[in-house]
Amino acid sequence: QPQSAPGKSKKIKNQSTNLFGERIGRLHLERQIIDKMGGRKIKALRRADKLEKEADRAAVESELDREKGESNKEFEQTYGYQEE
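Residue numbering for the sequence shown follows our numbering, starting at -11 and increasing by one per position.
In short, the hints are calculated from the structure, not lab data. Just to be clear, a hint being listed does not mean it is correct.
Said to hold, decoys possible - Below 25 Å or equal to it, Euclidean Cα-Cα: the simulated DSS-like pairs (lysine-lysine) are:
hint, residue 1, residue 2
1, K31, K41
2, K41, K29
3, K41, K24
4, K56, K41
5, K1, K24
To be verified - Per label pair, the in silico range of CB-to-CB distance:
hint, residue 1, residue 2, range
6, Q70, V48, 18 to 26 Å
7, Y67, R35, 27 to 35 Å
8, G68, I21, 56 to 64 Å
We treat Cβ as the ideally placed atom computed from N, Cα and C, and that holds for glycine.
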(Lines of atoms letter the chains of each structure in order from A and count residues from 1; the text may use other names and numbers.)
(Lines give C-alpha, C1' and ligand atoms only; values in the text may rest on other atoms or scores of the structure.)
Protein backbone atom coordinates (compact mmCIF):
# COMPACT_ATOMS: atom_id res chain seq x y z
CA GLN A 1 0.00 0.00 0.00
CA PRO A 2 1.35 3.39 -0.91
CA GLN A 3 2.16 5.67 1.97
CA SER A 4 0.69 9.18 1.97
CA ALA A 5 2.95 12.14 2.45
CA PRO A 6 3.52 13.08 6.08
CA GLY A 7 1.17 15.79 7.32
CA LYS A 8 -1.35 15.06 4.60
CA SER A 9 -4.41 13.05 5.64
CA LYS A 10 -6.52 10.99 3.29
CA LYS A 11 -9.73 12.70 2.22
CA ILE A 12 -12.77 11.18 3.92
CA LYS A 13 -15.72 10.88 1.57
CA ASN A 14 -19.42 10.43 2.29
CA GLN A 15 -19.06 10.91 6.03
CA SER A 16 -20.37 13.65 8.26
CA THR A 17 -21.23 14.19 11.89
CA ASN A 18 -24.66 14.97 13.28
CA LEU A 19 -25.61 17.28 16.17
CA PHE A 20 -24.69 14.63 18.72
CA GLY A 21 -21.22 14.06 17.32
CA GLU A 22 -22.03 10.69 15.81
CA ARG A 23 -20.41 9.81 12.51
CA ILE A 24 -22.86 9.26 9.68
CA GLY A 25 -21.83 7.73 6.37
CA ARG A 26 -23.54 6.94 3.10
CA LEU A 27 -23.14 3.62 1.37
CA HIS A 28 -23.64 3.29 -2.36
CA LEU A 29 -25.04 -0.08 -3.41
CA GLU A 30 -26.61 -1.28 -6.64
CA ARG A 31 -30.38 -1.57 -6.67
CA GLN A 32 -31.48 -5.02 -5.60
CA ILE A 33 -34.50 -6.69 -7.16
CA ILE A 34 -35.90 -8.63 -4.26
CA ASP A 35 -38.70 -10.29 -6.26
CA LYS A 36 -36.21 -12.17 -8.44
CA MET A 37 -33.86 -13.16 -5.65
CA GLY A 38 -33.94 -16.80 -4.72
CA GLY A 39 -34.32 -17.45 -1.06
CA ARG A 40 -35.13 -20.33 1.19
CA LYS A 41 -38.79 -21.21 1.31
CA ILE A 42 -40.22 -23.21 4.14
CA LYS A 43 -42.38 -26.22 3.43
CA ALA A 44 -45.57 -24.50 4.57
CA LEU A 45 -45.11 -21.73 2.00
CA ARG A 46 -44.51 -24.23 -0.78
CA ARG A 47 -47.66 -26.12 0.21
CA ALA A 48 -49.66 -22.89 0.32
CA ASP A 49 -48.41 -21.97 -3.17
CA LYS A 50 -49.32 -25.42 -4.45
CA LEU A 51 -52.82 -25.25 -2.94
CA GLU A 52 -53.34 -21.76 -4.35
CA LYS A 53 -52.27 -22.88 -7.83
CA GLU A 54 -54.59 -25.89 -7.65
CA ALA A 55 -57.50 -23.67 -6.61
CA ASP A 56 -56.77 -21.25 -9.47
CA ARG A 57 -56.53 -24.13 -11.94
CA ALA A 58 -59.84 -25.57 -10.71
CA ALA A 59 -61.52 -22.16 -11.06
CA VAL A 60 -60.21 -21.79 -14.62
CA GLU A 61 -61.35 -25.32 -15.51
CA SER A 62 -64.86 -24.70 -14.17
CA GLU A 63 -65.07 -21.39 -16.04
CA LEU A 64 -63.99 -23.07 -19.28
CA ASP A 65 -66.52 -25.87 -18.81
CA ARG A 66 -69.28 -23.33 -18.16
CA GLU A 67 -68.34 -21.32 -21.26
CA LYS A 68 -68.19 -24.49 -23.36
CA GLY A 69 -71.68 -25.49 -22.19
CA GLU A 70 -73.02 -22.03 -23.04
CA SER A 71 -71.43 -22.07 -26.49
CA ASN A 72 -72.86 -25.58 -27.13
CA LYS A 73 -76.35 -24.33 -26.19
CA GLU A 74 -75.98 -21.33 -28.52
CA PHE A 75 -74.77 -23.61 -31.33
CA GLU A 76 -77.71 -25.97 -30.84
CA GLN A 77 -80.21 -23.09 -30.79
CA THR A 78 -78.70 -21.56 -33.92
CA TYR A 79 -78.15 -24.65 -36.05
CA GLY A 80 -80.65 -27.11 -34.56
CA TYR A 81 -78.19 -29.91 -33.72
CA GLN A 82 -75.34 -30.46 -31.25
CA GLU A 83 -71.76 -29.91 -32.20
CA GLU A 84 -69.63 -33.06 -32.16
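Numbers of unmet hints, in rising order
Result: hints 5, 7 break, sorted rising.
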